[in-house]
Amino acid sequence: EFPPGWGEWFASAYDSVRRTSRDGQMFGYEALCAGLEWIFRVDIDEQVDEKPVIESLKGEKQIGRSRSAQYGRVIIEQISNPQVQVSSSESAVTGGKKYLALYADSRLSFAGSTGMQTLRPAAADFNLPDDWKIDWSLSQVQMKTFAPYKSINRSFEADRVCFEKGSVFVFTAEDGSAGFDAARIEQGVGEFLNEGFGRVIVNPQFLRSGRDGVLSFTMTAEEKKRPA
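With the first letter of the sequence shown counted as 1, position 92 gets the number 354 in the working numbering; the numbers rise by one all the way through.
Read the hints as simulated data drawn from the structure, not as lab findings.
Bear in mind that the values here come from a model prediction, so they are computed numbers and not experimental data.
Be aware that one or more of the hints could be misleading.
[Claimed, not checked] Here are the simulated lysine-lysine pairs, BS3-like style, with alpha carbons at most 25 Å apart:
#1 K427 - K395
#2 K323 - K313
#3 K360 - K313
#4 K427 - K406
#5 K412 - K320
#6 K406 - K395
#7 K359 - K412
#8 K323 - K412
#9 K427 - K412
All chains, full assembly: derive it from the sequences and hints.
The following block contains the structure:
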């Protein structure tokens with residue numbers, strides 16, 4: 263079930279007398295409710311004039327599926343002060359090793375040496391020197407396979423194998439090894455960058471843990487009274 267105000271499910275209704283859909287309700291829909299607000303961003307190359315791009319996006323638009331059934335109407339506006347995630351180019355050094363945490367701020371998809379999609383990316387896929395290695399025991403990732411639907415073609419494309427947003431990759435390297443270019447990493451990694459894939463944050467502040475690598479949380483008196 264959807265959380266309150268998040269979405270609704272509409273059942274189909276068939277008129278057996280007219281032998282057609284009743285009130286245009288032939289199919290079942292799972293939909294987001296009206297009134298929700300979303301924030302998205304568009305990365306524009308420095309050589310491109312951003313004004314016509316922004317103007318083409320603003321205004322009343324139709325997105326998603328079932329647009330002929332009065333779904334998908336949105337109003338897009340430009341905001342002047344979007345929230346910016348804070349990153350750091352400084353890597354932690356412990357026990358003679360350097361540690362680097364990369365947070366997936368979008369889905370990530372990588373192609374292996376054969377050109378096929380892979381879930382075993384290398385340091386080069388993240389624009390890192392080869393002496394950096396992924397420590398899977400410290401990383402926390404979630405994978406997903408899905409087939410994107412292209413409304414302009416009215417068909418599904420080939421399956422995408424990717425890491426979900428929120429995945430954290432921890433890289434290690436020997437102290438004294440080559441450094442890394444945080445700006446180059448945050449320009450985008452992997453495949454399908456034009457579809458919003460590949461955004462990562464380098465050593466974000468919210469991943470910095472407390473003592474002994476354990477995150478600490480506190481609860482107010484009111485929160486403790488709430489039922490589990």
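Quiz item: Is K323 within 25 Å of K412, Cα to Cα?
Solution: Between K323 and K412 the Cα gap is close to 17 Å, so the pair holds against 25 Å.
Quiz item: Taking only the CA atoms, is the gap from K360 to K313 under or equal to 25 Å?
Solution: violated (42 Å)
Quiz prompt | 25 Å Cα cutoff - pair K406, K395 | solution = holds (23 Å)
Quiz item: Do the alpha carbons of K323 and K313 lie within 25 Å of each other, as the hint requires?
Solution: holds (18 Å)
Self-check item: Pair hint outcome, K427 versus K412 [Cα-Cα no greater than 25 Å]
Solution: With Cα atoms ~21 Å apart, K427 and K412 stay inside 25 Å; holds.
Quiz item: When you check the alpha-carbon spacing of K427 and K395, does it fall within 25 Å?
Solution: holds (21 Å)
Exercise. For the pair we were handed, K412 and K320, check the Cα-Cα distance against 25 Å.
Key: holds (21 Å)
Exercise. Measure nothing beyond the straight line between the CA atoms of K427 and K406; if it is 25 Å or shorter, mark the hint as holding.
Key: Satisfied, since the Cα-Cα distance of roughly 10 Å is no more than 25 Å.
Self-check item: Agreement of K359 and K412 with the hint, judged by alpha carbon distance not exceeding 25 Å
Solution: violated (45 Å)
This entry does not satisfy hints 3 and 7, going by the numbered hints stated previously.
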